[in-house]
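Participant: Fit chain B to the known structure of chain A by using the hints.
If you read the protein sequences in the order shown, they are chains A and B. Position one of the first sequence corresponds to residue 1 (our numbering), numbered consecutively onward. Position one of the second sequence corresponds to residue 1001 (our numbering), numbered consecutively onward.
Among these hints, one or two may not hold up.
Unchecked claim - Not everything, but these chain A residues come out facing chain B in the computed CB check (under 7 Å):
1. R22
2. N31
3. P39
4. V90
5. G101
6. L105
No wet-lab data here; the hints were simulated from the structure. Beta carbons: idealized from backbone N, C-alpha and C, even for Gly.
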Amino acid sequence: GIQVEQSPPDLILQEGANSTLRCNFSDSVNNLQWFHQNPWGQLINLFYIPSGTKQNGRLSATTVATERYSLLYISSSQTTDSGVYFCAVVRSGYALNFGKGTSLLVTP
Amino acid sequence: GAVVSQHPSRVICKSGTSVKIECRSLDFQATTMFWYRQFPKQSLMLMATSNEGSKATYEQGVEKDKFLINHASLTLSTLTVTSAHPEDSSFYICSARNTGGSLEQYFGPGTRLTVT
Chain A
1 GIQVEQSPPD LILQEGANST LRCNFSDSVN NLQWFHQNPW GQLINLFYIP
51 SGTKQNGRLS ATTVATERYS LLYISSSQTT DSGVYFCAVV RSGYALNFGK
101 GTSLLVTP
Chain B
1001 GAVVSQHPSR VICKSGTSVK IECRSLDFQA TTMFWYRQFP KQSLMLMATS
1051 NEGSKATYEQ GVEKDKFLIN HASLTLSTLT VTSAHPEDSS FYICSARNTG
1101 GSLEQYFGPG TRLTVT
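Only chain A is shown next, with the shape it has when bound in the complex (with noise of 0.2 Å):
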């Protein structure tokens, strides 16, 4: 199958600072998603990106899918930011393969 790679592993920010997540995938896919997961454990969806960039207010996306990776860009971060980053690829069937995620902690 598809391996997801995500970097960094865990990540310490001061509120206000700006960050980059890294996607690495060993494949072609058909599609990519960018989620968080909050500390109740809802995934929210952030970015269905299969390729091209995406902004959505502080949080944007890049997918470089011929080179396989995503990014995805969070700009003066808030606390509320904190939790878990996914990033997962569609792989046959249509079922989404997860990265192992990045933990941000924002502090104030």
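Facilitator: Then chain B, alone, in the frame of chain A:
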């Protein structure tokens, strides 16, 4: 739009009993739904793919007789954990894709199962 609900959100049961978890797509139809399991501090692992009107497809290592999946309508899939044991305690999450839409998936809020 694109809301997926799960019920119950939390359940505690005794070893040997069965527990049913429901996953509903509230505002779209889903021919296919997916069931994942997440252990503490770990990522989500696909358990099975639920197909409306047909048998579910299970991932390697997942016992189909223990984790019964029924997808009786285009908006409802159920996962029944039979003869639960403490090692089945986990966070179970379902997802669904809008049939006829993009490949984007939407997740339910999850069900935390504790087997005592």
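Participant: For every hint, state whether the structure bears it out.
Facilitator: Against the structure, the hints:
no.: 1; hint: R22; in the structure: 16 Å, violated
no.: 2; hint: N31; in the structure: 4 Å, holds
no.: 3; hint: P39; in the structure: 12 Å, violated
no.: 4; hint: V90; in the structure: 5 Å, holds
no.: 5; hint: G101; in the structure: 6 Å, holds
no.: 6; hint: L105; in the structure: 14 Å, violated
Consistency note: the structure conflicts with the earlier hints numbered 1, 3, 6.
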